[in-house]
Amino acid sequence: MKEYKEFLNYLENWMQSLKILSAGDVLAQPNKTAIISADVINGFCKFGPLASQRVATIIDPIVKLFKTSWEAGCHNIVLMQDTHEPNAVEFDSFPPHCIRGTAEAEAVDEFKKLPFFDQMIIIKKNSINSGLNTELDQWIAKHPQVNTFIAVGDCTDLCVYQLAMHLRLSANATQRNWHVIVPEDCVETYSSTVESAKEIGAFPHPGNLLHYLFLYHMALNGIELVKSIT
317 MKEYKEFLNY
327 LENWMQSLKI
337 LSAGDVLAQP
347 NKTAIISADV
357 INGFCKFGPL
367 ASQRVATIID
377 PIVKLFKTSW
387 EAGCHNIVLM
397 QDTHEPNAVE
407 FDSFPPHCIR
417 GTAEAEAVDE
427 FKKLPFFDQM
437 IIIKKNSINS
447 GLNTELDQWI
457 AKHPQVNTFI
467 AVGDCTDLCV
477 YQLAMHLRLS
487 ANATQRNWHV
497 IVPEDCVETY
507 SSTVESAKEI
517 GAFPHPGNLL
527 HYLFLYHMAL
537 NGIELVKSIT
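Per our numbering, residue 317 is the first one in the sequence shown, and the count goes up by one each step.
Do not take every clue at face value.
[To be verified] DSBU-like mimics (lysine-lysine), calculated; alpha carbons at most 35 Å apart, straight line:
| # | residue 1 | residue 2 |
| --- | --- | --- |
| 1 | Lys458 | Lys543 |
| 2 | Lys362 | Lys318 |
| 3 | Lys428 | Lys440 |
| 4 | Lys348 | Lys321 |
These are computed hints drawn from the structure, not numbers from a lab.
If you're wondering where the values come from, they're calculated on a predicted model, not measured in any experiment.
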């Protein structure tokens, strides 16, 4: 167990050492940058069986990033949103959530209030992977100038991880020099204790640990992890 303790200490120090990126540097060529947001919708932030106040804390930092990017001329903002079929196979693993046509599947009001919300691209998905049976790759193909992707949203170990890894591995597989960035203050996951999980017959989910571990695994795969982009 000693090696785990040493690694956890390392992980904590690694998280504390994440740098802050300058928005001016990241957005120096705004038409070549895109922000892709995963599941910042009511069903994960506001209400419903999978909503989490912990996850909702990322809304304001993401709104700030959107505003900064838009003002800098980066108008490539894509919202990946769970929009499940009523009989979604995924519901074998998770409670029914974010069903097509319900308020849970809608973007949070903080996004909708942005003056440029109607110019964002909304892409629906039926699984935790943004690249499977969605229009994401088609959108990317129509914007070949984009080579920097900023991934934000929830949950760190589920949809964000799948999104960032899809972008990184797609670039690796096709020999494209893409830069994939994840700002830690714009991603989060939920937390449930062993005791509370037992009560509802679910898996425990230590939020801090899984948040750290999956960010670390993204970094292992060549994704740039930063504290924030300001």
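Evaluation of the provided hints:
Of the pairs offered as hints, the one joining Lys458 and Lys543 holds, with about 30 Å between alpha carbons and a cut-off of 35 Å not exceeded. Simply put, Lys362 and Lys318 have alpha-carbon atoms about 40 Å apart, too far for the 35 Å limit, and the pair is violated. Taking the CA atoms of Lys428 and Lys440, the gap is near 16 Å; set against the 35 Å cutoff, the hint holds. Proximity of Lys348 to Lys321 is assessed by CA-CA distance (about 41 Å); at most 35 Å being required, the pair is judged violated.
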